[in-house]
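Once you have looked at the hints, place chains B and C with the ligands on chain A.
Protein chains in written order, with my numbering: chain A, 1 to 112; chain B, 113 to 737; chain C, 738 to 941.
You may find that some hints are simply not true.
Said to hold, decoys possible - The calculated lysine-lysine pairs, modelled on DSS-like cross-linking and capped at a C-alpha distance of 27 angstroms, are:
#1 24(A) x 913(C)
#2 710(B) x 831(C)
#3 24(A) x 864(C)
#4 831(C) x 24(A)
In short, the hints are calculated from the structure, not lab data. All values derive from a computational prediction rather than experimental measurement.
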Amino acid sequence: MSHAVDSRESEEQDHHPQPGQYIKVAIILAVVTALEVAIYYVDALRDVLVPLLLAFAVIKFIMVALWFMHLRFDSRMFRRFFVTGIVLALVVFGIVLWIFFTHLGGPAPTAA
Amino acid sequence: MATAAYPTRRGFFTRPRSTTGKWSWFFTVDHKKIGIMYCVTAFIFFIVGGLEALAIRSQLAQPNGEILNAEVYNQFFTMHGLTMIFLVVMPMGVGLMNYLVPLLIGARDVAFPRLNAFSYWVFLFGGIFLYSSFFLGGAPDGGWFGYAPLNETLPGHGMTFYALGLQILGVASLAGAVNFIITIINMRAPGMTLLRMPVFVWMTLVTAFLLLFAMPIIAVALFELMFDRAFQATFFDPTQGGDPLLWQHLFWLFGHPEVYIMILPAMGIVSDVLPTFSGKPIFGYNAIVFAGAAIGFMGWGVWAHHMFTTGLGPVANSAFALSTMFIAVPTGVKIFNWIGTMWGGSLRFTTPMLFSIGFIAMFIIGGLSGVTHSIAPHDAQQQDTYYVVAHFHYVLFGGAIFGLFSGFYYWWPKAFGKLLSEKLGKVHFWLMFLGFNLTFGPFHVLGLNGMPRRIYTYVEGMGWDFMNLLSTIGAFVIALSALVFIANVVITRRRGEEAGADPWDARTLEWSTTSPPPEYNFEEIPIVRHRDDFWHRKYIETPEGEPARVLAGGAVATHEHEAGHGIHMPSPSYFPIVAATGLPLLGYGVIYFNSTGKALLVLGALVTMMGLFGWVLEPGAEERV
Amino acid sequence: MSTHEVASAPVAEHHTSTGLDNTKLAMWAFLGSECLFFGSFITTYLLYRNRVLDGPTPHEIYDIPFTSVSSFILLMSSLTMVLALAAIQRGDHKTMRVWLACTALLGMAFIGGQVYEFTTFVEEGLKISTSVFGSSFFVLTGFHGAHVTVGIFMLLALVGMSMSGRLGDRHEGARKVELIGLYWHFVDIVWIVIFTVIYLIPTN
Ligand code: HEM
Ligand SMILES: [Cu+2]
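The following block holds chain A by itself, in its conformation from the complex (with noise of 0.2 angstroms):
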């Protein structure tokens, strides 16, 4: 937060993408939506499906946050506040599941 003075981060508010950046950008979420869905179908997969389906999520959550929720643009002020919050969540929660999944031998008492 040291860096809370910084005028060229607010000059540069203003380069918005225009709509036809942010059409493409939905266009690509779109696609990697489908494709979520699909390989979801697809048993070839079956070992590699939870990491394809976390990099393609991992994908478009950052197409959004940078795109059309302007941190690519933006004071790198907002994008600090954002990734705090997602970084301690990831952690601490990561942290909670791990000590239940390890510990206290697995989740699933009455598992179908």
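Frame of chain A, contents of chains B and C with the ligands only:
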């Protein structure tokens, strides 16, 4: 903001205008008034929580006590804890932040004045909501951390009030957190760089970030509890596969940051009081700021030290034991900084100074017992005994409350223009210091002798009788000290000494304006050139390195004839209090989820929505007419 | 950090220390907070998704083609949202209103889908009380739906303000639309995560 386009009269209401008089308090958006309201409300809750404590101590004064039965005892200790944490320490801290942060950074108000008023009203209504449970079938009685599955098996509405009351209070905290973060980042006077901010402002910033990220977690835990209790969900019901430990994780993920939310403001106060009365700048400013931020950061990695005995496994236990021990390091850094500040200074033992020194001493004791808890095998012996109760009272009362009283004595003259009596102040301090140690010191011994927490009575012959009696006597001494404080306030209101702008020969910007400050705080927004800028306006350094007074330096410029002319302040507003009114209605609606309840839900939602719409449609400040 | 940086920083119309808009910064702070909010619910779900007692498992109950369509609808509402922003940035109030209304409509379609989904699940034997899987599923997706609903109200409020001339000029209007847009995209992002983690990733 362009305001010219808006009509002054909107819908059926004319906007409230007056900024003086009884009614102005209801619609005010002035951070100073809101700060005072926070502190006064929290002080009233302090008395209520204190009375509950006296009842608890009376019950435990002797074996086989018969003053409270088990049910009432459970309600009292639970409400005592909830009150002190959520209705006293937190809002007192927030009250001081409200009053001070804009003054300390050279601003005229917070970033979102109406949101600020909203926070206050939500807090007040949340507190009243929680307390109304006493009259509606019984208060929460599952402990302040409301462990599962007890939190859902307890009969009555008590724990539902808990789930909803804390939820409402959380809304106030979250709104406040956002407000303070933006205020500190964005509303500083020219030249007030981050590393020139008073330490209290820094600690406010760290606290606000902790709130920002911790409140949503407890919100989820409370929602899950609410769905369990009111809408047949089974999140924490072990018979349905629910996991009580999930509650503990979510609770302490919030709960540990919460303890820093309570202590950091007090640390900030002490860091501003000590330099003033030591005649020296704070020792190691960068270190103390960094340590504060480090505590905030590391505070996220220790929550499971409250769960050592739940069977987390050796790896997790060791990791959390280590992280907990490490967090004592930045804490220790701060303690050294405070001692370094006093070292070699020309000390003035005024009441605020005494409370600050008391804070340091008591906090060290509480911090050390904290470190003994961090040793997991050790904690297995201590958990759920009075030893833990001793620990958190030393950090919360000896720490936070002493720090807050230091702040009250220090800034009282700024807020009200009159000094509190030093003589009564010192009586207050020594009585409280004595009473505090008499009450909570024996808890260490009781705990190590095996007295469990949360028992409503005990039999004779356990070896606990004497210490319990001592503790009860101490509690009444504390009560007496609180009476002395109230007397001090009442007496000096009528015939107190005029304070003037700068009674303590202090260092920071708030002392450069009149006491009490005008609505707009500063005639002219100060331009800041130094850390402790006000001090540098008053003193220059002689070649020998001694401070020398600048003639007329730091004098308060008041041009009475044109004071405040042309300064445009945010206007009062009806809508914060309207929007806040809806929340307790929603709460009652969930608790009585029959046809009346559903009507209340609709009503509450409508009221809040109306409030918010009105809020959005009116400008922050009306055009002057 | 030195003094001159600060003195020179503020950009013309913003009177803030960083030159950034207060409300936008506040919105980002709030969204940072929301990450922990949804994170807690998702964690609960991940812990509980296999605990179904006698009730249906996630696999038996989810209707992936249906949810894919509603996910797609929400995703596209983010596009219409940015198009509304681009319109007001050009000063084109009318086009902005059209896109805002589209966004709200897509949002409503999504909510309609959710209502349909919930009713079907209940009919098929999954209720909030059936198992902790049921509890965590309904409450997580329900809170997401509540967020979308709040968003719809805000979008409609923007349209209303624009029609009654209260939205302000092009600059002020864009500021407001961008703010609500951030919220809207965030809600969309959360659904991206939910769609993958809750619906697509298989349980056993
Ligand atoms: C040196 C710093 C600290 C350390 C190492 C520490 C450590 C601990 C540990 C390990 C426990 C769990 C004990 C148990 O339940 O068996 C605990 C409990 C507690 N601590 Fe601290 N602590 C520290 C500072 C603080 C501060 C600053 C506060 C508040 C201002 C605080 C408030 C509490 C409270 C309220 C509890 C009891 C919670 C409950 O069971 O109701 N602690 N502490
Ligand atoms: Cu802790």
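Against the structure, the hints:
Only pairs whose Cα atoms come within 27 angstroms are accepted, and residue 24(A) paired with residue 913(C) is accepted, the gap being roughly 25 angstroms. Restraint check for residue 710(B) and residue 831(C): the C-alpha separation of about 39 angstroms exceeds 27 angstroms, so the hint is violated. For the hint linking residue 24(A) to residue 864(C), the alpha-carbon distance of about 40 angstroms lies beyond 27 angstroms, and the restraint is violated. For a cut-off of 27 angstroms, the pair hint linking residue 831(C) to residue 24(A) stands: about 23 angstroms separates their Cα positions.
Hint compliance for this structure: hints 2 and 3 are broken, all remaining hints hold.
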